[in-house]
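Colleague: So the chains spell out like this:
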Amino acid sequence: MAEQHPVGFQWVVEAKERGAKVIHVDPRFTRTSAMADLHVPIRAGTDIAFLGGIVNYIFENDAWFRDYVRAFTNGPVILKSDFKDTEDAGGFFSGWDPGRSAYSVDTWSYNKSSGETAAGKAEQEADVSGEQAHGAHGFSLSKGRPPDIDDSMEDDRCVLQVLKRHYARYTPEMVEEICGCPKERFLEVARAMCERSGRERTSSVCYAVGWTQHTTGVQNIRAACIVQLLLGNVGRPGGGVLALRGHANIQGSTDIPTLYNILPGYIPMPHPQAHPSLDKFVELNGPRNGAWGELRAYMVSMLKAWWGDAATEDNDFCFQYLPRIDGDHSHYATMLKMLDGGVKGLFAVGQNPTVGSANAKLQRMALGKLDWLVVRDFSETETAAFWRDSPEIDSGEVRREEIGTEVFFLPAAAHTEKDGNFTNTQRLLQWHHKAVEPPGDCRSELHWIYHLGRRVREKLTGSADERDRPILDLTWDYPVQGPQDEPDAESVLQEIGGRRADGTFVTKYEELCDDGSTACGSWIHAGIYGEGVNQSARRKAHREQNWVANEWGWAWPKNIRMIYNRASADPEGRPWSERKRYVWWDAEEGKWTGLGDNPDFPPDKEPDYVPSRRARGMAAIRGDTPFVLHPDGLGWLYAPSGLVDGPLPAHYEPQESPFPNALYAQQQNPTRQIFHRPENPYNPTDGEAGAAVFPFVLTTYRLTEHHTAGGMSRTVPYLSELQPELFCEVSPQLAEERGLEHGGWATIVSARSAIEARVLVTDRVKPLRIQGRDMHLVGVPYHWGRRGLATGDSANELLPLALDNNVHISEYKVATCDIRPGRRPRGRDRLALVEDYRRRAGVKH
Amino acid sequence: MSPAETLSWPGTYGDEAKARMGFFTDTSICIGCKACEVACKEWNAIPDSPKGFSGKSYDNTLDLGADTWRHVAFVEQRVPADAGGGASLVEAAERGGLAEREGLATYQEGDGVRWLMSSDVCKHCTEAACLEVCPTGALFRTEFGTVVVQEDVCNGCGYCVPACPFGVLDQREGDGRVWKCTLCYDRLKDGKEPACAQACPTSSIQFGEVEELRERAERRLEKLRLAGQDEARLYLADPDDGIGGAGAFFLLLDEPEVYGLPPDPVDTRRDLGSIWAAAGAAALALGAGIAAAALGGRS
Amino acid sequence: MVQSICPYCAVGCGQKVYVKDERVVQIEGDPDSPISRGRLCPKGAASENLVNSPLRETKVKYRRPHGTDWEDLSLEEATEMIADRLIAARRDTWEEETDDGRPLKRTLGVAFLGGATLDSEENYLIKKFFTAAGAVSIENQARI
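Chains as they are written, first to last, in the working numbering: chain A, 1 to 845; chain B, 846 to 1144; chain C, 1145 to 1288.
Extracted from the complex, chain A is given alone in its bound form (with noise of 0.2 Å):
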């Protein structure tokens, strides 16, 4: 956190002072780590094993908060009968299809629930991301509560009974064995944080996206809500599950999405089978309860704010304008599919793939495919420059003059230049304001979208084509300003924010009708320009308010600066304790209170409040349950829906590991998207021949002096100066045992490729002992690239393409590789080099 997020961390820093622990685990010793109180080394790629052993030892210490998980988790609920758990199926839950190689995710699901796997089940056959699944479809809720539950928590199949023999096996022994921190050192963790839990006290656990970037990332995270859900430590204040995301509009950009599988405001995107109607839409994506069940009053609000007066009743409101998705459409499977003649043309906006994916040789070929690619960037880079600066064209494998892709590159516009929301990692929307006019042809993205949208539409006019309608009724008629004909930001927002019927600004999202009368293009912005005002360029000073700060900028949705804090009182409504008050109820007022923050939840809901068999929406959420947009409203230990491979997190190793799973005969996570294709070969991984040749694990970050792929710090001067080149961080062992000399060359190889570091011999990396075996770590950070100021070979050159399959995202966190003395070798001789090592190993391709 110091090393990404240092600003962040003032925070982390401050609370130490007033007595806070801080721990910080991560397979490397850094900045971070020189701050915290206990630095964990731990072998990426084990932090399931890591947190598993959190949670038994909080069931063998009986530590957990049990009031807060009998009121507000799903523990006591009891589940199927035919659920079997990974204890019991040598590493598989139960449903597992080893023809598919998917789960059918039948069993589960609660007890006496019905009729709740249509949807789910079509969208995992068509390999639709879980994160389109709103949960537990169909629930059959009795009073508010899931229909068979034993508030004891005793009874054998209830989630908390499940859960502790899920993690039996994760003891401290076991968590040494995988993840190679002393077993001593594990405990002082795991104790530190039981100590730090409960009624008076809090804890956090901050992770950056790095957790993601495995084939088991969802669950990563999944295991630590799991951790924090039977501390009690979600919705109360200094608790949270805290992502620390690493672009200034990263979270903006999945809350209002560029991602295939969702709309603005997490609503799916149509399916052709599933979704034949907006009513079958609504039907299988929104549950009957809790907020996602007014989904048809969004999804009808979008499709007014996108169409306008040709979005009627009669017609599904434009629903059928809608393009469907029926598989992976997600980066990588569109190279994919790029690579294999299939896209003509690609956008390629304020991202740089050939340094910032995986597999970056592969990540270019692609390119070479492409009839046409648009590159919009502050300067030329490796993507822009792809044709004519590479590897390949260095070994000769191609030449310029016969890469036929055209290659647009647009100068941007900076922030400095144009109005707008970044949404920081709080979703917390602060808008910035234009200084100055965009030098030369630089231009925003607002202008270049809505320009080109407009040039489209001129000519498409008079079309009789049905599929040019969309285009041609879509509303785009947002007012222009300045010299450049910049539109209207604030006007884009007004849209977003959402209108009623005669004008006027929504205030809240409860507001949204499903009858036409509303439009607003983001369901959980709904507000954010209520009052006729830009709620997000708010700027009252932090001195002149109290921390909870609700005056500056606007966080979605409502305003709610701490989700789920309905949470931070006790079922009846009473805060926990004094010291951790937040939100409670104010029985004489009859509505709910607190430091100033707006409670998440139905501001004037009784505690005691239990819904009528036919209540639906937020009206089915009972008064003492928080978690409002879970149907059930309750915190999930357990996941009875919504993810593809598991409703509980499982030690997997990675794709490519040096070491056996020693929980299970399963070695990796059994859903993991892998590619068997010659352009992306695999290092073979423990127990097959040729592991051996790659014998180190191999893991990629960032460092505070840089930037993601460096297209905004390696073309900055004093950015580039503080970090200039590429290095790799290795041990003293290792460079003993490899001949390494520090400030001297290493060169790196995989099966993909190989690249070449300046070595940092240092004590912050350390071998660790991983059954009964020195394990080395190769660090390398990904920030560089041939072009810019800094320059140096890219670390995703050495990566697979190896995804969770929830998500798609690549195990960027983890591979495996040698490390040998002295710089690369040049041209085809590099090539030359893999090969031999592929050969080695027996590579496949």
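Don't read these hints as lab results, they were simulated from the structure.
Every residue, glycine too, gets a C-beta built ideally from N, C-alpha and C.
Check the hints yourself; a few may be wrong.
Label-pair distances were calculated between CB atoms; the ranges are [claimed, not checked]:
#, chain 1, residue 1, chain 2, residue 2, range
1, A, R165, C, D1244, 55 to 61 Å
2, A, V398, C, T1202, 26 to 32 Å
3, A, E741, B, Y858, 52 to 58 Å
4, C, D1244, A, A464, 23 to 29 Å
5, C, T1202, B, N1000, 54 to 60 Å
6, A, Q481, C, T1202, 54 to 60 Å
7, A, E14, C, D1228, 55 to 61 Å
8, C, R1167, B, G1003, 33 to 39 Å
9, A, R677, C, D1244, 26 to 32 Å
Selected chain C positions facing chain A (Cβ under 7 Å, derived; list incomplete) [said to hold, decoys possible]:
#, residue
10, K1164
11, N1196
12, A1227
13, V1254
DSBU-like mimics (lysine-lysine), calculated; alpha carbons at most 35 Å apart, straight line [unchecked claim]:
#, chain 1, residue 1, chain 2, residue 2
14, A, K540, C, K1249
15, B, K863, A, K540
16, A, K361, C, K1249
Following the hints, position chains B and C against chain A.
Modeller: Frame of chain A, contents of chains B and C only:
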């Protein structure tokens, strides 16, 4: 004269004198992010000065100079598990736990690591030799008690360069004039704090009135000592030291040499025979610190 | 001076952008921000150096198929050419329905990648336009 007073301040300013301003750099909370280096360069429009990959931990800036007015040192140390005291602020707590355990061979062979980081800057000495040897008056003491070079007066004679016991003063290549930290004199006149101190994410660099900063530093030292940080010490905060105390002083977690700082700097005019040899000596000390780090890295 | 937000990571530090003669001359932390209290990391502190970087391109560049070098092109002409290519690629790779006759109404022949450094308003229009055009491979760094 109060302990913080200097020869030419506040006396020569009369009613115009402002409180003496300075830096207290608390290295126990430095996270080595180098925001200070960049914020300084950006505000003062200092040219970039790439030196390439150094291999000296994460330090590729290496030294203070005409184009580097803030420099973050990185020192990697091995800490034996059974050593008493001397841990970093944060490892002290851990050490208790480490010592009582055995079987640490699976991690770091029983040794811990500590990574010291410290942002160095011109010390704005109470007894500032640079200022006294300057023949043109380009170097002067401001109304804030700070030492500043006037770029339009400096003629590049370089007399001040060897006079500095810390090797801070340096002539810019291709320019010849001397450039160094001004404690953001222009910002101070506008009532703003120096760029480095404002940027510093953790408040490791604290800006304020020197007298108050010294009290703050004493309190901080006391707190760290109570926490078992026996090696923690203040550096250049003592008005009785060889330079009369500094306007920019430090809380260190180890000997000054470890950070590349002269252990006992003196006003070079006091005893010319024992000049701590200005740039050369300071560079030597820095070299020693680096060698120690590098050796640790190789052994 | 205008108030802004740091364009690097997702902490969302407040920035103050100072302008002189239509040029950004200084960017520093905004002390009013409850997120950052005026502080910036080295990247945020280098923001002026970013927006005025000597490596920043300000002209459109064009590389024709099989070309060996960049050529100049006007922004107007580039936009026109891109619009034509988008329309043609969409037409040529259109998928109207599945094998069993269910509507697909899409193209996988045009893809978009980016967004995590863009503004939400920009991403909104990008998603809106490309979805209306039937393009579904719309992705960004959040996947990476």
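Colleague: Below or equal to 35 Å on CA atoms is what counts here, so check A/K540 against C/K1249.
Modeller: Roughly 47 Å separates the two Cα atoms, so the pair is violated.
Colleague: Does the hinted range 26 to 32 Å hold for A/V398 and C/T1202 at CB?
Modeller: 30 Å, holds
Colleague: Between A/Q481 and C/T1202, is the Cβ distance one that fits in 54 to 60 Å?
Modeller: 21 Å, violated
Colleague: Is 55 to 61 Å a correct range for the gap between the Cβ atoms of A/R165 and C/D1244?
Modeller: 44 Å, violated
Colleague: Once the shortest beta carbon distance from C/N1196 to chain A is found, is it less than 7 Å?
Modeller: 9 Å, violated
Colleague: Between A/E741 and B/Y858, is the Cβ distance one that fits in 52 to 58 Å?
Modeller: 56 Å, holds
Colleague: Check the following: the C-beta atoms of A/R677 and C/D1244 are separated by a distance inside 26 to 32 Å.
Modeller: 29 Å, holds
Colleague: Does C/K1249 lie within 35 Å of A/K361 when you go C-alpha to C-alpha?
Modeller: 32 Å, holds
Colleague: Could you see if the CB distance from C/T1202 to B/N1000 stays within 54 to 60 Å?
Modeller: 39 Å, violated
Colleague: Checking hints one by one. Is C/A1227 an interface residue toward chain A, by the C-beta closer than 7 Å rule?
Modeller: Since chain A brings a Cβ to about 4 Å from C/A1227, closer than 7 Å, the hint holds.
Colleague: Does the Cβ pair C/D1244, A/A464 satisfy 23 to 29 Å?
Modeller: For A/A464 against C/D1244, whose Cβ atoms are near 27 Å apart, the range 23 to 29 Å holds.
Colleague: Keeping to a limit of 35 Å between CA atoms, is the pair of B/K863 and A/K540 held or broken?
Modeller: OK: B/K863 and A/K540 at ~32 Å, within 35 Å.
Of the numbered hints stated above, those contradicted by the structure are hints 1, 5, 6, 10, 11, 14, listed in ascending order.
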